[in-house]
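Student: Sequence:
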Amino acid sequence: MSHDTLARPTKTDEPRRVRASAPRRRRHWTRRANPVAGLGAFVWLVIVLIPIYAMLSASLTSADKALTGNPLKPPTDPTLDNYNTVLTTGFGHLLSNTAIVAVSVVGIVLALSIPLAYVAVRTRDRWSNAAFRLFLLGVAIPAQAVVVPLYLLIAKLDLYDTLLAVILPTAAFAMPVSVLVLVGTLRDVSEDLYEAMALDGASPLRMLFQLTIPLAKGGISTVVIFSALQAWNGFLFPLIFTQSDEPRVLTLGLFNYVSQFGVNIPAVLASVVLSGIPIFAVYLVARRALVGGLMGVGGK
Numbered sequence: 000m001s002h003d004t005l006a007r008p009t010k011t012d013e014p015r016r017v018r019a020s021a022p023r024r025r026r027h028w029t030r031r032a033n034p035v036a037g038l039g040a041f042v043w044l045v046i047v048l049i050p051i052y053a054m055l056s057a058s059l060t061s062a063d064k065a066l067t068g069n070p071l072k073p074p075t076d077p078t079l080d081n082y083n084t085v086l087t088t089g090f091g092h093l094l095s096n097t098a099i100v101a102v103s104v105v106g107i108v109l110a111l112s113i114p115l116a117y118v119a120v121r122t123r124d125r126w127s128n129a130a131f132r133l134f135l136l137g138v139a140i141p142a143q144a145v146v147v148p149l150y151l152l153i154a155k156l157d158l159y160d161t162l163l164a165v166i167l168p169t170a171a172f173a174m175p176v177s178v179l180v181l182v183g184t185l186r187d188v189s190e191d192l193y194e195a196m197a198l199d200g201a202s203p204l205r206m207l208f209q210l211t212i213p214l215a216k217g218g219i220s221t222v223v224i225f226s227a228l229q230a231w232n233g234f235l236f237p238l239i240f241t242q243s244d245e246p247r248v249l250t251l252g253l254f255n256y257v258s259q260f261g262v263n264i265p266a267v268l269a270s271v272v273l274s275g276i277p278i279f280a281v282y283l284v285a286r287r288a289l290v291g292g293l294m295g296v297g298g299k
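Take the sequence shown: its letter number 77 is residue 76 in numbering that gives the first Met the number 0, and every next letter is one higher.
Heads up, a few of these hints could be off.
[Said to hold, decoys possible] Just the calculated beta-carbon pair ranges, DEER-fashion: (1) Pro34 with Val145: 46 to 52 Å; (2) Lys155 with Asn83: 27 to 33 Å; (3) Arg132 with Glu245: 36 to 42 Å; (4) Arg205 with Leu228: 19 to 25 Å; (5) Ala130 with Asn69: 41 to 47 Å; (6) Glu245 with Ala130: 24 to 30 Å; (7) Val138 with Arg287: 46 to 52 Å; (8) Leu135 with Asp160: 28 to 34 Å; (9) Gly89 with Ala130: 43 to 49 Å; (10) Lys155 with Val42: 47 to 53 Å.
Derived by calculation from the structure, the hints in this document are not laboratory data. Here the structure is a predicted model, which means the values were calculated and not measured. Ideal Cβ placement from N, Cα and C applies to all residues, glycine included.
Could you build the full structure based on these sequences and the hints that come with them?
Tutor: As structure tokens, this is what we get:
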């Protein structure tokens, strides 16, 4: 048999190649031709970027020029004086307090929600299912509805006007959603893997740390971002449970900046820009895992 004969495709091979390449072409056509989604994404991007651009532009403008001219026009004489004003008026203290609250809330939520979700997924009896459903009732309870009992409890525990008075309620209200996200993620872990580790003599604690947690990175990243955002942007608990300057966080500080810089709008916008940089950096680092975790939950 010659080389030409081997290289020449036969009649029976041709339909296979057509069938194999057809889905690939269809997938390529589907990815390329979606003008409605592209237009919608572009419009959404413009809607989001215009306020951000206006805020950045105004924060680089002097106070006397902020209220005159076109807000979408680039500043003719940009200045960093507004950022310098914010940084020299206690912004570092507010930032460190907010970082302490965010890190503490994320740590508490992860330390409690991961074992709770693990037990909810691995335990099959009706009591654990009932406890899980009862725990999820926290998703439907707004913080405003329980702020008075929480205030009395915080005062009784002598935690008023401390960072713990902000950390503990914020972590408690982030727990139900976090457990819900983690349960959806942990259910994707194959039962065969648990059985294989059980045959090797692994304890439930070893399964949790060596199998469940490594395979649930997407859900855990989602919980980290969600909890950090809840803590970073929280306003109600710092407003109700703190009073002095010592435990003040960024959101309450921005609220005070409105009064302190009531006629200096660029300084207020500069403080908003500075307060959003850390949480935006966290989002950039965990963006892939966050999207993966949300898509995994959405597929349930």
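Student: If a hint holds in the structure, say so; if it does not, say that too.
Tutor: Checked hints:
no.: 1; hint: Pro34 with Val145: 46 to 52 Å; in the structure: holds (48 Å)
no.: 2; hint: Lys155 with Asn83: 27 to 33 Å; in the structure: violated (43 Å)
no.: 3; hint: Arg132 with Glu245: 36 to 42 Å; in the structure: holds (41 Å)
no.: 4; hint: Arg205 with Leu228: 19 to 25 Å; in the structure: violated (32 Å)
no.: 5; hint: Ala130 with Asn69: 41 to 47 Å; in the structure: violated (58 Å)
no.: 6; hint: Glu245 with Ala130: 24 to 30 Å; in the structure: violated (39 Å)
no.: 7; hint: Val138 with Arg287: 46 to 52 Å; in the structure: violated (26 Å)
no.: 8; hint: Leu135 with Asp160: 28 to 34 Å; in the structure: holds (32 Å)
no.: 9; hint: Gly89 with Ala130: 43 to 49 Å; in the structure: holds (44 Å)
no.: 10; hint: Lys155 with Val42: 47 to 53 Å; in the structure: holds (52 Å)
Checked against the numbered hints listed earlier, the structure breaks hints 2, 4, 5, 6, 7; every other hint is satisfied.
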